[in-house]
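There are 2 protein chains.
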Amino acid sequence: MAALPSLAFAGIGLMGLPMCQRLLAAGYPLTVWNRNPEKCAPLVAAGARRVTTPAQLCEHADVVMVCLANTEVVREVVFAADGVASGAKGGQLLVDFSSLEPTATREMAAQLVHQCGMGWLDAPVSGGVAGAEAGSLAIMVGGELADLERVRGALLSVGQRVTHMGPVGAGQVTKACNQMIVACNALVIAEVVALAERSGVDARLLAEALGGGFADSRPLQILAPQMAESRFEPVKWHVRTLLKDLDSAVKFSREQGSATPISGLAAQLMRLHGGQGFLEKDPATLIHLYREPGSKG
Amino acid sequence: MAALPSLAFAGIGLMGLPMCQRLLAAGYPLTVWNRNPEKCAPLVAAGARRVTTPAQLCEHADVVMVCLANTEVVREVVFAADGVASGAKGGQLLVDFSSLEPTATREMAAQLVHQCGMGWLDAPVSGGVAGAEAGSLAIMVGGELADLERVRGALLSVGQRVTHMGPVGAGQVTKACNQMIVACNALVIAEVVALAERSGVDARLLAEALGGGFADSRPLQILAPQMAESRFEPVKWHVRTLLKDLDSAVKFSREQGSATPISGLAAQLMRLHGGQGFLEKDPATLIHLYREPGSKG
Numbered sequence: 001m002a003a004l005p006s007l008a009f010a011g012i013g014l015m016g017l018p019m020c021q022r023l024l025a026a027g028y029p030l031t032v033w034n035r036n037p038e039k040c041a042p043l044v045a046a047g048a049r050r051v052t053t054p055a056q057l058c059e060h061a062d063v064v065m066v067c068l069a070n071t072e073v074v075r076e077v078v079f080a081a082d083g084v085a086s087g088a089k090g091g092q093l094l095v096d097f098s099s100l101e102p103t104a105t106r107e108m109a110a111q112l113v114h115q116c117g118m119g120w121l122d123a124p125v126s127g128g129v130a131g132a133e134a135g136s137l138a139i140m141v142g143g144e145l146a147d148l149e150r151v152r153g154a155l156l157s158v159g160q161r162v163t164h165m166g167p168v169g170a171g172q173v174t175k176a177c178n179q180m181i182v183a184c185n186a187l188v189i190a191e192v193v194a195l196a197e198r199s200g201v202d203a204r205l206l207a208e209a210l211g212g213g214f215a216d217s218r219p220l221q222i223l224a225p226q227m228a229e230s231r232f233e234p235v236k237w238h239v240r241t242l243l244k245d246l247d248s249a250v251k252f253s254r255e256q257g258s259a260t261p262i263s264g265l266a267a268q269l270m271r272l273h274g275g276q277g278f279l280e281k282d283p284a285t286l287i288h289l290y291r292e293p294g295s296k297g
Numbered sequence: 001m002a003a004l005p006s007l008a009f010a011g012i013g014l015m016g017l018p019m020c021q022r023l024l025a026a027g028y029p030l031t032v033w034n035r036n037p038e039k040c041a042p043l044v045a046a047g048a049r050r051v052t053t054p055a056q057l058c059e060h061a062d063v064v065m066v067c068l069a070n071t072e073v074v075r076e077v078v079f080a081a082d083g084v085a086s087g088a089k090g091g092q093l094l095v096d097f098s099s100l101e102p103t104a105t106r107e108m109a110a111q112l113v114h115q116c117g118m119g120w121l122d123a124p125v126s127g128g129v130a131g132a133e134a135g136s137l138a139i140m141v142g143g144e145l146a147d148l149e150r151v152r153g154a155l156l157s158v159g160q161r162v163t164h165m166g167p168v169g170a171g172q173v174t175k176a177c178n179q180m181i182v183a184c185n186a187l188v189i190a191e192v193v194a195l196a197e198r199s200g201v202d203a204r205l206l207a208e209a210l211g212g213g214f215a216d217s218r219p220l221q222i223l224a225p226q227m228a229e230s231r232f233e234p235v236k237w238h239v240r241t242l243l244k245d246l247d248s249a250v251k252f253s254r255e256q257g258s259a260t261p262i263s264g265l266a267a268q269l270m271r272l273h274g275g276q277g278f279l280e281k282d283p284a285t286l287i288h289l290y291r292e293p294g295s296k297g
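In the order they appear, the protein sequences are chains D and E. Position 278, counted from 1, in the first sequence is what the numbering used here calls 278; the numbers after and before it change by one each time, with no gaps. Position 245, counted from 1, in the second sequence is what the numbering used here calls 245; the numbers after and before it change by one each time, with no gaps.
If you are wondering where the hints come from, they were derived from the structure by calculation, not from laboratory data. All values derive from a computational prediction rather than experimental measurement. Here a beta-carbon is modelled for each residue, glycine too, at the ideal position from N, C-alpha and C. The reader is advised that the hints may include incorrect statements.
Which stretches of chain E does chain D cover? Using the computed rule of at least three CB atoms under 8 angstroms from a CB of chain D, they are [said to hold, decoys possible]:
(1) 79–86
(2) 197–208
From the derived model, a few chain E residues whose C-beta atoms are all more than 10 angstroms from chain D [what the hints assert, rightly or not]:
(3) ALA61
(4) GLY135
(5) GLU149
(6) VAL173
(7) GLY211
(8) SER230
(9) LEU279
(10) LEU289
Just chain D, with the same shape it has in the complex (with noise of 0.2 angstroms):
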């Protein structure tokens, strides 16, 4: 049995704190950075190792993996004077678990083996915070597939599933295919779940009818009761981040040349709702564009 690779890890927030646990909880040795150190304690207490800039994770780790907020950040922490292409020898692999815009993950991925060597994986997850702390994320992967084979293992350890979806990008193209639907069914889940209170309807009762069939999701499940009974809190995701995604899977499918209707008009309507004060609130709270003002909740 070889040795489990060492690791290096830039990001230690509410993903990536459960997905360095799952790490070291496996046995992978691993070298933590965060902008502010304290959130690295509980896994220094567990093991790791802390560095005080980026560039340092290259002195202990061929793979450098990094779970930042957005495009900006990771572009930052890796290209940023003492960034980790700072501290990058040739052979060695960055994983993004980030999920950015595809065409500047391509841009940076070039500009990264241009300037010394290392290589990309974009590897954006699905299934947040719970699905980090129970292991059970999808990784959506783009690059060099044997690149992907040599941290696979590692990948396993903080998800269930991991798919190889083409070249660099690709991982990227499929977070945002998955945030288009996800955010277009929870638009026409409050649309629904309107129109059911509207005509006398127990709207309570349409995740359970419509569970099984054609109509259900996991968003049906978790968003139409929530809608209905009114129930905003607690929050457990943002409509802000499903803008973003929605803003960054319109802008790249028009750089491709690919019409996208349905989300366009959710980009839209998500920007309404958002500029109603609702950025920092839960999706469920996308009833009140449809529901007439004082009515319920």
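The hints should help you fit chain E onto chain D, whose structure is shown.
Only chain E this time, still in chain D's reference frame:
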């Protein structure tokens, strides 16, 4: 153990035939009528009694079930000169499995009870021919709860989930909600398959990569591979049906004062696609809206 009530059934089509076969298998005495009487032959062979007018159905059973193509056909079978209403007595019950406009259902139900004292349950189903054959339909019921209890056992012979959604028409509203979600999702799936294809992603892997996550659904698992492989035969369901259901749902929403921006756009896109010659084709052909002509299939 009480004897099973006698049932009658009008409309021996793709759905009605297997539903009647399941009722006979469950031991219900069954009288049947169909415009084209030949369709009744397999049921007569299995023990059903055949009559020659809808009115005669009321002579042999207190519960008359109908499963017909649309509002106009139901109106004729119930209210024509030799229709169900002309033979009905007070206390009898009509169970309508068809998918109709909720407003028309409410009007016909009021007319039927006024004219002859016969009650009305709307009980549209979801699950298609395969669900009817397997007895796994979901049945969404509107009407008096006491009327539902009279036939719950029979409904559970043809479906596995029976949900009482509210007063007469509530079943049809729920079915409209179901179809809005399914049709909008089908259109978004076409958008993402096309986007994946145009950006170098293996679209055949989308269903697998997104399986089990928030974007997953039965339409995703069925349509995405069909679209990616340009596999449009055999035709399992029709663009025409989704268009009819969307138009009906959008019209009803307008009557209720409920906005449906996504479903409204979906209806227009579905009409655009149908108008290009795809009305009788499988919804998997929706990918043609988004693909360059001649690029595939």
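Just pull the numbers of the violated hints for me, sorted ascending.
1, 6, 7, 10
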